[in-house]
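Visitor: Chains as they are written, first to last, in the working numbering: chain A, -9 to 163; chain B, 8 to 273.
No lab work stands behind these hints: they were computed from the structure.
Mixed in with the good hints, there may be bad ones.
Stated by the list, open to error - Selected chain B positions facing chain A (Cβ under 7 Å, derived; list incomplete):
#, residue
1, N38
2, V61
3, A117
4, K133
No experiment lies behind these values; they were computed from the predicted model shown.
Cβ coordinates follow ideal geometry from the N, Cα and C atoms, glycine included.
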Amino acid sequence: MNNITIRHSIRFLLFIFLQIFIFNNVFFLGYINPYVYLFFILMLPFNTSNKNTYLIIAFFTGLIIDAFQNSMGMHAFACVLIAYARIPILLRLVPQLKSKTQTTIEFSMKEFGVQISVIYTCILVFIHHFVLFAIEAFRFDIGNILLRTIASAIVTSVLLILFQFLNSRNTLK
Amino acid sequence: MRNLLEFINKNNHLILFILLEVFALFLIIQNSQFHKAAFINSTNGVTANSFAIVSNFKNYFSLKKTNDLLLLENAKLKSLISYQSTDSISSKDPYQFISATIINNSIAKANNYLTLDKGEVDGIRKGMGVITNKGVIGIVKETSKGYSTVLSILHSQSKVSVAIQKNNHFGSLQWDGKNYKKARIYDIPSHVDLSLGDTIITSGFSHIFPSKIKLGIINEINTKEDDKFHNIKMSFIEDLKQLRYVNVCQSLNKEEKVELENSSDE
Chain A
-9 MNNITIRHSI RFLLFIFLQI FIFNNVFFLG YINPYVYLFF ILMLPFNTSN KNTYLIIAFF
51 TGLIIDAFQN SMGMHAFACV LIAYARIPIL LRLVPQLKSK TQTTIEFSMK EFGVQISVIY
111 TCILVFIHHF VLFAIEAFRF DIGNILLRTI ASAIVTSVLL ILFQFLNSRN TLK
Chain B
8 MRNLLEFINK NNHLILFILL EVFALFLIIQ NSQFHKAAFI NSTNGVTANS FAIVSNFKNY
68 FSLKKTNDLL LLENAKLKSL ISYQSTDSIS SKDPYQFISA TIINNSIAKA NNYLTLDKGE
128 VDGIRKGMGV ITNKGVIGIV KETSKGYSTV LSILHSQSKV SVAIQKNNHF GSLQWDGKNY
188 KKARIYDIPS HVDLSLGDTI ITSGFSHIFP SKIKLGIINE INTKEDDKFH NIKMSFIEDL
248 KQLRYVNVCQ SLNKEEKVEL ENSSDE
């Protein structure tokens, strides 16, 4: 158990707790339910030798959220998808990372800059929400799905960027 | 064979990804069938217990409001009793009620569920109806010893048999997945005379819910001239977002009725 594992385990427990007991009861404008637990998945380290582990962690994170929402498998599906897409997307955004992917890199706003953090967060949150709402509706009603996706993705992204900001200020100290 | 192993070794990340996604899809499909038992849901130990703790905590904040509501309901029940005792024709359709507290509720998804703090020990069984005095809430889907989950009326598979109070024409109510305050009513022929503000009640045909519970008010009629059926939307009387206490009901004559209906089918 090193420092990084402990930090991520605490973050895992904290955000699962926040999601289930606080944010699952928050509805902006009546139906926007922010999924802040994504913060944990987005903040997992980048290390290509461990990427299978991250997929499995993401799967179980999603499954726990599902168990509390009776939405069996939906969050697990969306979480595994973004955990898979996460590393290629960041490599696309920051090409010079390619040479360093064997070492453990942690995502932080301080190191990658505000612009990249915002783009990275928004893309992944959008993918997650779109897949989640599409599976949930289970019928082809693209207008409704897109509307819900965009509205919820904006709220979730703003919250996640705020958390990243607070997080990077903490590590500065 | 060697090539295959090499292929698996080379693409292990992609293969694990696909396996996990297929497993998640399997779970989704498994769970989408109404009567199929889902093997992880919020009636099981850890999740339900933690909901119960948080729910206990949250109850303290709404004590005053709840108390007022209970007083109101009490008064209403009392008046009902006095009304019934003077009525010469007593009800032939007795229902048994079990009161329960909601410990988890959702309204914002396309398929919503509730969790109640009573289960098999308290007499709750699969398929019982869940109501309040202001409306229909759902049907019990899964039970464990001390908890049960309810398929909310706000679920794409929920269907309730309803009637128009003033003329007893019946139809069926289904939620369209958009606004938790409104639902659609189908199968009412277009010649039936309707107006905005008419009350919708349960018909009692399903043996799940007692008849004549007021549950909604018509607030939109979009019927065109050549339609065969009315195109109606109603708004729920009960605020499904603020619910705390419900009654689980079971018809005491259900078996007899179902048996009779089945024998006349043959």
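Visitor: Take the hints in turn and mark each one as holding or not.
Guide: The hints, checked one at a time:
1. Evaluation of the N38(B) hint against chain A yields a held restraint, the C-beta minimum of about 4 Å falling below 7 Å.
2. Satisfaction of the interface hint for V61(B) is found here, the shortest Cβ-Cβ separation to chain A being roughly 5 Å, below the 7 Å cut-off.
3. A cut of 7 Å between beta carbons decides the hint on A117(B): the least distance to chain A is about 5 Å, and the hint holds.
4. Of the supplied interface hints, the one on K133(B) is violated, with its beta-carbon coming no nearer than about 15 Å to a beta-carbon of chain A, more than 7 Å.
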